[in-house]
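Chemist: What follows is each chain in one-letter form.
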Amino acid sequence: MAYLDHAATTPMFPEAVAAMTELLAEPGNPSSLHASGRLSRRHVEEARETVARVLGARAGEIVFTAGGTEADNIGLKGIAWSERNFYPHKRRVLVSSVEHHAILDPAEWLSGDDGFELTLIASDARGRITPEALREALGDDPSDVAVVSIMLANNEVGTVNDISSLTEVTREFGIRFHTDAVQAPAWLPVQFSELGVCAMTVSGHKVGGPHGVGALVISRDCKVTPLVHGGGQERDVRSGTLDTPAIVAFAKALEIVELRRDQEVARISALRDQLVQRVLEIDDSAVYNGDHVGRLANNAHFTFPGCLGDSLLMLLDAQGVECSVGSACNAGVPQPSHVLLAMGANDNDARSTLRFTLGYSSTQEDVDALIAALPSAIERARRAGMPKS
Amino acid sequence: MKVLAALSGGVDSAVAAARAADAGHDVTAVHLALSRNPQSHRTGARGCCTIEDSNDAFRAADMIGAPFYVWDLSAEFQEKVIEDFISEYSQGRTPNPCLRCNESIKFEAVLERAMNLGFDAVVTGHYARVINGPHGAELHRAVDPDKDQSYVLGVMTAEQISHSLFPLGDSTKTQVRAEAAERGILVAAKPDSHDICFIPDGDTAGWLARQIETTPGDVIDAETGNKVGTHKGAQAFTVGQRRGLALGNPTGDGERRYVVDVDVKQNVVMIGPPTLLDINVIEAINPRWSGPLPHNGQNIEVQVRAHGESLPATVSVTDSGVTITLKDFLRGVAAGQAAVMYDGTRVIGSATISRSRREA
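From first to last, the protein sequence lines are chains A and B.
Throughout, this note's numbering is defined as the position within the first sequence, counted from one, plus 284.
Throughout, this note's numbering is defined as the position within the second sequence, counted from one, plus 57.
Keep in mind that the hints were calculated from the coordinates and are not lab data.
Hints are not guaranteed to be accurate.
Unchecked claim - Below, in silico cross-link-like pairs of lysine-lysine (BS3-like), each with a Cα-Cα straight-line distance of 30 Å or less:
1) B/Lys247 to B/Lys59
2) B/Lys137 to B/Lys247
3) B/Lys230 to B/Lys204
4) B/Lys284 to B/Lys204
5) B/Lys59 to A/Lys672
6) A/Lys672 to B/Lys137
Just so we're clear, the structure is a prediction, and the values are computed from it rather than from any experiment.
Whole structure, please, built from the sequences with the hints as guidance.
Modeler: The following block contains the structure:
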């Protein structure tokens, strides 16, 4: 089997599995006051310090959550609500048109049910958000903007944004900035303090940690209205008993990433470049999407004109090659990629995509397996054609 | 063979796929997403294509050990089935959407896509049998007369039949349910689906009223030519219908009145005694043949509605379609329905009823 879907989830590092399993049977709620509770809390706080160090943040800025989607929701809604509470005229949220649904959907909810106005920030043809596009979206009077959210690296096409150049723009107007960095830490030395953002989302299972854990890094001066109320854990921002084993394993994974990243980026980007070249040799009509330079080292994203991505995925799956069409599903049905549409693709091209994403465990054999399986898959998928949309 | 099993999330298709796997076929499962905006949960026995159905199909595929995918055919279904249904009704005809779905979705769009993707056949949970005959694959009635679905498959061509597997044709529903339970398929007790899947509340007239603009018109007595009432829109009426006429005046002879004709252009509903509904000649258009054409005057049996009886008749193939002459009079035949022709249990073909009349 060739697993080429590491952007969806990547296997846990054995060290992270060990760290997690060691704690699973231990008693102790980190909020308890006895010895077991204190020990559990110590594990959490040590993990917090590790996560903070790796991500270039302070320990007090790390709020653990149950994953990236929750962190994105707190980052967007929590900041938007808090800003509006202080400044009632701030009723506008800006998010990029290529965000993950974990940002797009809460943004749409805020504008649909919660009285905010949503402005989408246009993407360029490579999936990148430029400072000019941000200025355009801010408009003549940005004083009504409560929060801006722009992702650090795109989950579909892998394009990396220059977040510092974008926060320079919002700083002029004192606007809060959140970034979804879920795809980034395995491939980029993300340093929260250098980005100029006030909040940043990361997730455990994208970096070799467990599912169901993530964090929102929130600067101290950034006020956030909680989504969930309860025991007041995590600075009152995110109530709920902390998942000590998962948090410890998440920190362990980030530690490993920090150690191996340079080496893996070199190895994987070379493997990716080879994959891209060989795919384009197989199908000269294929289009390599995204930014060819400013992209994640592990991402290769293509449009195969005339082939439904769905068909390709099924045919490759039957040959043991696992990848993704890249876009979100509605009831199991892949939708035309909103990212590709925002990048200017037509509806058919946005349904003809495949995303191959490598990880730290990827090998030459994985790429070879794809290259062996791809020609017949393309041929059959093209014969089956594009159903009506 | 490499086969594609269409799993609805119900019992029948799950058992059919399991039997295909047992028979040694390499089974891949797909759930057809037919609704643009699927509901989260099923309600009662009606409706289909909810997310819950899709999940049930996924779990059935797990039990069978087949890879599972969802195919989005909602655009085709909207155009070829739902819009056709509305258009037919708005012209005063009574279509059968299940048959249209088999004709243009399951055994056309899906089968064609499957063949192009490298599959040899499509497997479904329909109750019908494919038997190899002298001219190739033949479509036959299922052994369980209560469940037989050959009528809605009558639109299949010989080519389509030869690439279809119906593993349930030899079984009764009771046997299939028992087998599902034995196999541990979780939907073993799920109720059968009925009626029209895209009208989940079963109120076809109400649904149509929201789709078709109707204007009130006259109800005319076919024997006297007198106006005897008004209706809300002729499209909502079907020949043979008795309920919903809401006639103010009881008829003089006390006999029940039926819809005997619907003229959508004039927006008139004609009513009359049941004897006016008795016909013995059916003209039908757009025939689709499941095998060799019948010779003129061939003795056949014909079925004109989904759960109707099989009636002895003779058939002649004409330039515009077929003329079917019944041996006995038949009451209430609606234009738009399919006339499916049989030679014993074998389906000869199907055609859409355009007119019916009474000949001495």
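Chemist: Determine for every hint whether it applies to the structure shown.
Modeler: Comparing the hints with the structure gives:
Of the pairs offered as hints, the one joining B/Lys247 and B/Lys59 holds, with about 28 Å between alpha carbons and a cut-off of 30 Å not exceeded. Using a Cα cut-off of 30 Å, the hinted pair B/Lys137 and B/Lys247 holds, with the two alpha carbons roughly 28 Å apart. Between the alpha carbons of B/Lys230 and B/Lys204 the distance comes to roughly 7 Å, so the proposed pair stays at or under 30 Å and holds. The suggested pairing of B/Lys284 with B/Lys204 is violated, with an alpha-carbon distance near 43 Å, which exceeds 30 Å.
The hinted pair formed by B/Lys59 and A/Lys672 meets the criterion: a straight-line CA distance of about 25 Å does not exceed 30 Å. With a C-alpha separation of about 11 Å, the suggested pairing of A/Lys672 with B/Lys137 holds against the 30 Å cut-off.
Against the hints set out earlier in the document, a violation occurs for number 4 only.
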